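Chemist: Using the sequences and the accompanying hints, generate a full structural model.
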Amino acid sequence: MRMSKRALLIETAIDIVEKHGLNHLTYESLAAATGLSKSGLIYHFPSRDALLRAMHEQLAHTWEQEMIAAAGGTAENIDERTRVRASFIVMSQSATLSDLRLALDAVGNPTMQEPWLDVMRRWSVSEETITKIPRLYLLNVIADGLWVHDHVNGFVLTDQQRTALVSSALALYDECVPPH
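Sequential numbering of the sequence shown, starting at 1, is according to full-length UniProt numbering.
Think of the hints as simulated: they come from the structure by calculation, not from any bench. In this text, all values refer to a predicted model and were calculated from it rather than measured experimentally. Do not take every clue at face value.
Claimed, not checked - Keeping only pairs whose Cα atoms sit at most 20 Å apart, straight-line, the calculated SDA-like set for lysine to any residue is:
| no. | residue 1 | residue 2 |
| --- | --- | --- |
| 1 | K132 | D174 |
| 2 | K5 | L36 |
| 3 | K19 | A103 |
As the list claims (entries may be wrong) - Simulated restraints, written as ranges between beta carbons of each label pair:
| no. | residue 1 | residue 2 | range |
| --- | --- | --- | --- |
| 4 | E127 | T163 | 24 to 32 Å |
| 5 | S39 | V177 | 19 to 27 Å |
| 6 | A171 | N23 | 39 to 47 Å |
| 7 | R48 | A164 | 36 to 44 Å |
| 8 | A50 | R135 | 35 to 43 Å |
By construction, the Cβ of each residue, glycine as well, lies at the ideal position given by its N, Cα and C atoms.
Modeler: If you want it as structure tokens, here you go:
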């Protein structure tokens, strides 16, 4: 299936952020990377914020699709155990630089955070869990740590190391919420 021009622009913008950082994402850099004119870009994205919002929406959508694939169904159509385990497994994978840069940029900006929060409301352990079952919420904290680990700790986890950590965290989950 042929990718729409809008989808191609979003993908290219994400690639620019991955390779060069968020500050390098401009109409000019996107026009140069895609061969479109600046006015052609403005047709699809009337402002930089509109482009950023579309990028957040695309990344959040991709993230949710990964969780659906891991769980074998949508958040609404699976049990809580399957949902929590699938979201942990997906969230514990290493972030791309573009994911990380865009997520950090969204902090404090409700318009940019909303696509992420919308997915998190469906898939993540709720904030109320912190005081009710702290070890269960700890799973979210561990996943967040695994997500950023490779970019902030001076070394990249090997697949074997990441698998061992994920297995240990899921064992903690099984202790908190034993299988039926």
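Chemist: Hint check: K5 vs L36, CA-CA at most 20 Å. Holds or violated?
Modeler: The hint holds at about 10 Å.
Chemist: Holds or violated: K19 with A103, Cα cutoff 20 Å?
Modeler: 16 Å, holds
Chemist: With a cut-off of 20 Å on the C-alpha distance, tell me whether K132 and D174 pass.
Modeler: Satisfied, since the Cα-Cα distance of roughly 16 Å is no more than 20 Å.
Chemist: For A171 and N23, compare the CB-CB distance with the range 39 to 47 Å and indicate the outcome.
Modeler: Holds - the Cβ-Cβ distance for A171 and N23, about 42 Å, lies within 39 to 47 Å.
Chemist: At the C-beta level, are A50 and R135 separated by a distance inside 35 to 43 Å?
Modeler: 41 Å, holds
Chemist: Tell me if the beta carbons of R48 and A164 are separated by a distance inside 36 to 44 Å.
Modeler: Because 42 Å falls inside the window, the suggested range holds.
Chemist: Is it true that the C-beta distance of S39 to V177 lies inside 19 to 27 Å, as the hint says?
Modeler: About 54 Å separates the Cβ atoms of S39 and V177, which means 19 to 27 Å is violated.
Chemist: I want to verify a distance hint. Is the separation of the beta carbons of E127 and T163 within 24 to 32 Å?
Modeler: For T163 against E127, whose Cβ atoms are near 29 Å apart, the range 24 to 32 Å holds.
Hint check: a violation occurs at hint 5 only; the rest are consistent with the structure.
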